[in-house]
Every structure is written in C-alpha cells, then in structure tokens.
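Chemist: Chains as they are written, first to last, in my numbering: chain A, 1 to 114; chain B, 1001 to 1575.
Bear in mind the hints are in silico, worked out from the structure with no lab data behind them. Keep in mind it's a predicted model, so treat the numbers as computed, not measured.
Computed list of lysine to any residue pairs in SDA-like fashion (alpha-carbon distance at most 20 Å, straight line):
#1 A/Lys-81 to B/Asp-1097
#2 A/Lys-81 to A/Ala-50
#3 B/Lys-1373 to B/Phe-1360
#4 B/Lys-1027 to A/Phe-23
#5 A/Lys-81 to B/Ala-1098
#6 A/Lys-32 to A/Phe-112
#7 B/Lys-1246 to B/Phe-1308
#8 B/Lys-1027 to A/Glu-14
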Amino acid sequence: MSDKPHLDQEALAELQDVMEDEFDVLITTYIKDSSDRIAHLRSALEQEDADGFSKSAHSFKGSCINIGAPRLGELCAEAEKAGRDNRLGDAAAMVDAIENEFRQVEDNLRRFLE
Amino acid sequence: MDDSLSDNRPLRILIADDSDSDRLILKTLLRRLGHEVEDARNGEEAVDIFRQSGADIVLLDALMPVMDGMEAAHHIKALAGERLVPLIFLTSLSDADALVRCLEAGGDDFLTKPYNRIIIEAKINAFNRMRLMHRTLSEHRDLIRDRNRQLTEEQEIAKRVFENIAHTGCLDAPNIRFHASPMSIFNGDVLFACPRPAGGMQILVGDFTGHGLPAAVGAMPVAEIFYGMTSKGFSGSDVLREINQKLGRILPTGMFCCAAMIQADFHLNQLQIWNGGLPDGVLIRRNGALETVASRHLPLGVLGAARFDAGMEVFRTEPGDTLLMMTDGVLEAENHQGSMYGEDRLRRSLEDRDAGSSPFDAVMAGIRAFTGKQPEQDDVTLLALEMVKEADLVGVSERLPQSALEGPAEWHCVYEIQDRSLGQFSPLPLLLHICMEVPGLRRKSGEIYTLLSELYTNALEHGVLGLSSDWKATPDGFGRYYAERERRLQTVTDHFIRFTLSHTMTGQGGQLTIVCEDSGSGFDYQEHTEEGNENGYSGRGLMLLRKLGHSLNFREYGSRVEIVYDWHFSEVAAR
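Extracted from the complex, chain B is given alone in its bound form (with noise of 0.2 Å):
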C-alpha cells in the first residue's frame, strides 16, 4: 500500500497541451496546490511519459497535433489496465458532441478555459477520492479472490484426503448404480459400500447436517469404523451403534446424521434395512409394485447408547428387486418457480417408466425434466442397489482391504460366550479377527466367516435354543422361527458356546482347526447332513461347512463339532 492513500502525499498529476502558456498556467496551478506534475506537449508524449512513471490523474487537452487527446486517453486507460486512473479532458470546445466523443474515449470529466483555480481543486480532489476508493475495492476483491483460491486448494487437498479414507468401497459392484456431487463430501453427503466377509454388502448413505468443512469431519469416524467394522464381519446393527456412539461424542449439539443402513444378502436374498432420518426409500419389486422403507429412527448421533436402537427391518427379495435410496437433496432439487421435485414426483417418475429402463435412470431423468438442469449440478446423492444371483456378484468381496504385517503362525485360543451374552453379542467378528492376524488366511475371510458363521449359528439356534430348522421352509414358517429365536434368546440361562480355534504351519500352508461346543443336548445332524436337504438354512450350512472344511466331524450329538481347514501358500500367492 503506497502512501497516496494519505491526504498528505502530494499526487502525481500528468497534462498534456499544445499551448505553451497554457501548459505554463496549469502546471503552476497545480504545483500550487502541493501536486507533482509532468507535462507533455501533444497525446504521444503523454503515453511515452505515463507508460514510464504513470501517474495518479492525467489531464489531456482534447485537440493537440501529433496524436490528440482522445487517442491518448484510449492508450493511457488501456495501459492503467484496472487501476482507476481520472482522465479530465482541458477544452475549450463547446459543442456537445465533441465533449461527449472525450468521454466515449475514456473520459472522466471536463474542464473549461479558462482555467478556475477553485474548480480545478474541487475536480482533482474529487477525483482522487474516487480513485482511493476504487483502489481500496480493488484491494479487497483481490484479498477476498486470494482468500478463495486459497480455501478452494484447502477444500480439493481436504477432499483427496477424504477420498483415501471415506473411499467409496464397492460402489462400482455390478448391481450397484449411484449418483453423489463431486463435493458432496462438502454437502455432508456420504455414501459407502463394503463387502461383508461372509459375502453379500454393507451399504451406508448418509447426510449431516449442515455443510462445508464441519459436515466433512463428522464423514472420516463415519468412514473408518464403516469400513473397519464391516469388512471384520459385523453386522449392520453392530456397525450403526458404534456410529451412533461415536457421532454422539464428537458432534456438537444440534450436529448429527441422517442416515440408512443397508445390510444385503444375496444368498438369503433379503435386505435388512435401518432408515434413520433420510427420506423414505423405495423398493421397487420386479413386478413393478413400489413398497416404502420409511424412517423409524432418529439421526446417528442423537439418542444415547441405552436408548438407541438399532433394529434392522428385514425384507425378503427376488432377484431383479431394487431397492432406492437417497438424501433430501433429491426431494428438494428446485425448479425455475421454486418447487421440489418431491415424494409424489418421484413415485410417478418411477411409476410411469418405460419398461426396460432402470429405477435409478428414471428417477435421475425425472429430476433432470422437473429442474430442467443436470442433477449432477446439485446435491443429489441417490443409490440403487439391485437384488442379483449371489454368482453375479464373484469377486467384489476379494478386495476388502488387508494389512500387510505378518501375523502369527502357531497359536491356540479358547473363547467361551455364556448365557445373556448369548442374545446380546455375535462373537463372529472377534473370532475372524484373530484368524485374520494369520496373513495366510486373510484372502480367505470370506470361507473362514462363513464356517464360523454356519458353525455358531447352529450351536446357538439348535443346540442351544432347540430351534427346528424345518420352520423355516415356508415364509410363515420364517417369521415364527425368528420370533422364537428372539423369545428364547432372552430367556437362555446356563448355556454356552465355546470355540477352540489352533493354528500351525504345514509344509504347504497352514492348517486352522475349528473346535465349536455348545451346552445343547445336541441335534441329529445325520437328518441334516442328507443329500437333497440344502435349501434348509442349516442344512445348506452343513453343506457348506463340508464343502469348505477338509474335515467336518460331528461329536455327542452334534453338540461338538470339529472343522480342520487347510490352506496353500500357492493360492495365496496366485491371488
């Protein structure tokens, strides 16, 4: 900042005149009043001087020989570039479209012979607060475009660091079709997906409140403990909890997150659904029916551990079902007049499309004619997920993330879970873990989960609860086993399930031998393990387990059940 911004610095003031006396007059004016002039005796001088030195005001005589002042001016304003630099034409003309072709060449304003000493004082005056105040403008729109540019390179270095830990996981899965801004981790949009060990996918789609920076850092917890906990195998329930707790703490009040759980099994072919605070979902049924997957809970991060609760609403599904999910940027995308596309367009949208096209296509076109403009200009984040042969989908669970420490070789473990524990925790996600600190196993998570899966879930539901896998071949009978296993579950006392895991190296790979008992009297696993029996739940476990298991045996009525699987270093390597 120079000091002409101080009323005491005497201004640089460049004339130019053909008239020598005149010249004489205003030069002698100016520096009366305390101004530095230079002078110039035609329209190129005055360029040559003010391209050398500029100067704060120029005054130009608007008829000189050589080059005259309206050319001058033009060349002096293009040269000033966006500093303001008053340019006051000295004239004696008096017509008025001369004096308006001075102004049309860049002029800011006139003055007479003969020269008024009172005037001339006033008008350079005037002049140079219009200047400053140009200048001090300027200077700000500069400082504000800095500070911009500055918060824009903050915003895209925050957003690559966002994008390695809120990385969007399987989202580019086959049955999986999504729109989310570019930024929309800056609209408190977030939107994860991850394969789930045991196969099928954990879905996340989320909204904060509020926007920019502040949304973005309650989306990195949101991130790792999604991402962490789903690809250790626990379940949707397990996964909200955690977030819920998390957010609770590290929000401020006021803060929190709309958001849906997906849990998708492709096997079983249902999806466990958990709306908290987003708009309805839609699942739209191969036959075209619509069915709404309302919001029963309030946002993450409200309600305290003890009051949360974190129920998955189960919904059974055929391939070819879709299910939508989205955040209110959706309902809200505004059109010219200022109304919301809203639930009833939406319907429609989905309703009246053609055969053929996809929910996700139809409703992304339904906004795209109702705002008249692309979504992808406004917050819309919008997921569909379809319902898919679990075969279609071989591969996405192959790339949960791994770490590359080397892990014990030889170890033993005996973990025992005991009567209310037995109702309240899943044991799964602890026992893969420990399996997974063996490098050798991590690219088998999925077989390992599943065997402990099949393993815990047969203890538990037969041996321990007595349960009769037979219900669950109808859809009636599906229900009623569920409600009997939640009513016997809070009931169980003296009971456990107990699993003896042990590890070694062989010469080929390793070998893990999974020894799992439970306190039941036991069940004919003979009738279970019969060829034509795999569309049964335990049966199909069964199968599995002696498919995955290089041996299965059953002990003291099934209540004791051993599983030695054995891996190659060859498969490893080949992966």
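Pulled out of the complex, with its shape left as it was, chain A reads as follows (with noise of 0.2 Å):
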C-alpha cells in the first residue's frame, strides 16, 4: 500500500492561489469528471477492452497528479500498466482500490472548501 498522501495540501494551495475564484468549479469539475472516469474503467472492464482502459486510467492518473491526489495517481498508474500490459484479472481490484481512494479525496476535497 502506497505511503502516499491522500491530498498534497501544498499542491492544492498553489491551485488556490492560481484558480481564485473558480477555484471552487475547479474541485466539482474534478470531482464530476472523476466519477465519468471511474464510471468509463467499469464499463471497460465489462467489455474487456484492455487498451480503452489503460487509456482512461492514463487521463485520470493526469487529472489527480494535477489536483493534488497523489495516491490516486498512483492507484491510477497501476491501473494503466495492467490494462497495457493485458492483465484485466487483477483490474477490478484495482478498480474497487481507485474507488475506495476517490472517495477518501472526495471528501477531504469537499472539507477543504468549506
């Protein structure tokens, strides 16, 4: 298990230097789009379309570097290398994982807006 922190809470205080007032679509933007991105490795996953959901997990993993999710990312790394490297069996415990994650990032995003 990764010793990575949930949220780098430096990376999301420059976002909120950068962002100013949208700082706040930023988050929900993130939030909305992650779930679309878990939603999409699921449905990947069902066809056993291994390229599309190396792919999706590729794009998120950018997103949550981004945010400030590094473990996330992380989660999301291992997930883009078992879809390139056509290892779907362990995806979806992979998938439950970056699941189980977002939600701990959901919710601390959510805590640091208010």
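Join these two chains into a complex; the hints should help.
Modeler: Below you can see the structure in the form of structure tokens.
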C-alpha cells in the first residue's frame, strides 16, 4: 500500500492561489470528471477493452497529479500499466481500490472547500 | 507586420486536453499570464479551431479520444506551413519511447503534469522568442527573394534592351563560330561582328573589368560606335580610336575594356588585328601551324587620345586559316581542384586535335574535358573566324542597317583633302555617308565604297605618292610597298585629292557621277588596264571600276578619273 498522502496540501494551496474564485469550480469539475472516469473504467472492464481501460486510467492519472491527489494518481498508474500489459484479471480489484481512494479524496476536498 | 512582434501583445494559445479539470487549470494559468486561450477537448476540435482562427502556440495532450495529440500535431504543423507554431505536448507519459514519438509527430517540447506555473511561463516565453525570430528570418528571406526576383526581372528587361543595341550583327556568318554565355553582357563580355561596306568584316571581342550592370552599361556605347562606324566604312583603327576616347570619358577610373579588333579582308586574304589586354589569340594555319596574336596594347579606355596607338598588325592568310580570340574566362575555366585551363592546355587542345575537327570544337571539348562540365555554364567567350574565299560570303554584307528616311536626290558636292591630312585621315566614310543619304544607293553601299576606295587609293598611292603597284606582286615587295607608303606619307606637301560627287534622278533610277582628281603627275593607266594584269592590286582596282561603273574616263595621265554609276529602281526594290 502506498504511503503517499490522500491530498498534497501544498499543491492544493498553490492551485487555490492560481484559480482564485474558480477554485470551487475546479474542484467540482474534478469530482464530476473523476466519477465519469471510474464509470468508464468499469465499462471498459466489462467489455474487456484493455486499451480503453489503460487510456482512461492514464488520463485519470494526469488529472489526479494536477489536482494534488498523489495516492489516487499512483493507483491510476498501476491500473494503466495493468491495462497496457493486458492483465485485466487484476483490474477489477484495482478499480475498487481507485473508487475507495477517490471517496477519501472527495471527502477531503469537500472539507477543504468548507 | 502584426503587433505580436511587440512583447505586450497577448499570445493566442490553443490548448487541447480531454480532462476537464486539467484544461481548466491550464486555461486559468495561461490567462493569468495575460494570454488569450482557446480550448478543445480532443485533437479533432483542436485542428478545427486552428484551421479557423490559428494560434501562436499550441499545447496538446498526447492521449485524447477521437484524435490523439500526435495526429493533431501532424495536421496543425501542415496547416501552419512555413510559419513556426510551437507545439508543446502536455503529458504524464514517462517512458522515453512515447516522448520521442511526440517529438517525431512534430512536437517541439513537453510539459509534464503536475503543471508548474513558473516552468509554463518560461517555456511559453522561450518559444515565443523562437517564433518571433523565425518569423523575422522568414520575412527577411521573403524580402531577399522578392528583391532578387525583381533584380532578375530587371536584368531580363535590360538584357533585351542591350540585345537590341548590342546585337550580334553578322556573327551568324558561315565562317564564324563563337561561344558566349547567354548572360555574357552582365559578365562584361562583348562580341560584335559587322560586315564592311567594301566587303570583309570587322569583329570586336571585349571584356570589361567588373561584372553586372556597370560592365553592361559600358557595352552600350561600344556597340553603337562599333556598328555605326563599321557600317559606314570606317577602318578598325578609326573605330578603336573612337571607342577608346568614349570609354576614357565615360568609365570611372579603374574600369576599362580589354579588347581585340579584327578586320578581315577576304579578297586580299589578310587579317588586321589589334589586341589590347585580351589573352593571346591564336592563328591556326591550314597546315596546323600555330601563331600567336599577342596583346601589344593597353586596354580600351586607359590611354588618352594622344598616346593611344590604334595601329593594327597585318597577317597574310589563306582560305582555311582560322583565328581564335577569347576572353580570360577561357583560360581561367577551373576544374574541381581549382586549377585553371590555361594557355598550355589550350595549345595542347589545338595541337592534339583530330584531323577534320575544327579549332573551335577542339578548344570547347578541351575545356569540357578539363573542367568536367559544360563551358556553357561559365563566363566563357570564344570566337573562331575562318578565312574563306570571298565568294563564300555572298549576302553577308547586305544586312547593313538601313535608315528609312527619304534622302536628297539632286545634289553636287566637292570635297578636297590636303597635305598632312592625306596621311592621317580617310575621307571615305564621310563620302560614303553623303552618298548613303540617297535611299536608292544604300543597298549599293558596297559597290559605292569600292569605287570611292579604289579611286582614292589610286589617287593617293600612285598619283600623289608615286608608288608602283608592281612591287606588290611578291610578298617581300608587299612589305616594302607599305613601308615606303608610310615613309612618303610623312613628308607629303603641296598635294591634294579632290572628289566631286553629283547625283541626279533619271527615269529608271538615279545617276551618281564621281570625279576624283589628284595633284600628282599621273600614272600610266593604259598599262594597268591591260587584260591579264588583274592580280595586281591597282590592276584589280581598275578592272573593278570598269565593271561597276557604267563609264570610266581617265584624263590628264590618270590624275583625273571620272566614273558614272547608274542605279535602277527595280534593282533596289527587288532586293
């Protein structure tokens, strides 16, 4: 299990500085986007589309890194690699882990907004 | 020039990323840096936006649905054409192969996630500088290309004007071979040939110092003088003196014209040559022997009139002899190692040539073999003049330029030349010029010139100077005759030669009466007009006079000769 934090407080603070009034919008967008990605990962898994799975995980990884959710980013990287190596057998557990971590991140972000 | 060249103008930046949150972050970052941002959610949208509104810089996510960044990069670079539109890939890719593929697709750099404000700003600025530099260079290149095209167009027009003035005259005569670069006028090389009204031809080969327009400008007056004077019957020396004086006046110091004047007489079978600063010419005898025609003078335009020597060297020739003259481009033709063709190789080309191959072809082939390319590509001017029988050149002299002005029909004039001027000045061009004012006589310039010239030569050499034409029967005597002629001319006093010309119209055309009188004691024209003596010079002259003139009368022991010359409208019109 990764020892990376759920949220990178420093990165978030800098984002807040950059985004100013739009920081809320960004967080909401990220949460919405991430839910879509998780749904996408699951459907790719059902269709046994390893390539689509890998690409989705890759994009998800990028936005997690940018928003300051390093642990979730790392889980996405693992999923991306599994998809690329065509190891979808391990993937269902990975998506579960991603979803769990995402819940944590979402909770933390909502708290951060308040 | 748009104002993105100034640093204040915001850049128009196109970003494409399928992640909404990443796009939002990047867009906000860039806007806060003062730029205008348009965003797309995939590669296809990005290409559409770029096609419609362009962008100064494009940031592309590598992996996107619909159309990925690599393909979009390809399209955008193609649309940008010559413009440099920096293309930066946004990526969390980490393996080297994937990064290399991004660059191969046309990417200029990467930005890795998470985005760093400072790095983004630095990269955008760096690429903007590169973009501006590229555009400045492109603009300068376009400017240079435009200027160059304009210059080429102007040269093309100038070349056409030059060609009209400095036309090649009778260079297409069957006994002339030449090579001149098509743009030779801008190399400063000139090559003119003009038939002489009395038969034979005059050729000028020249090489101005310098290149381009300044060299070409000097060629214009040279052509005017050369063609104008030659077609009026002036000798090579006269033409040289005039050109030298003109060039001395108009050319800046340090600019001059290396030149050779060749006066070819196919009847007397002789060449008179003046070489001022051109490489040695070569006279190739029919039997293969080579003679050098060395430069013995300074180029044209250097010396003042008083010190200029226009004396031409006389070479007796036979049909089949060939004269080669060239500009230094021939000797300076370089091979790959940078060595020059040179005089020795030229001689070897001539000596080693196959029987039946012409000297001209031998030298051209020699240059080609030495340089490994076509001489056509070089600034090479090469002329070969073959001595031929006079009869082989029928028709060449009829192409003298004509004026369409209507001239006088009824006139009378007396022109007398005296003492010192007898040795220094030839009245023939002037007299011919007067006769040529009559349109009907213009096509007859050759015959008229021959009449005038024979009368004048007889009057001067036999009448005034008392020389005997018998001397000229042998080659030794030929030299002695001309030496004696020179000597006696120096001391001539109390003598004159007087021409009286009258012209009147007749029913069928016109009639020119020429009376030539001299102050000499006369000569025995009877002896000279006997049959069988037509090989001698004056003998030939008298035969000619008889043949051309409709009546020929000798008075006062030959010191007064009258010739009546009739011309007919029909003959003139038929030409």
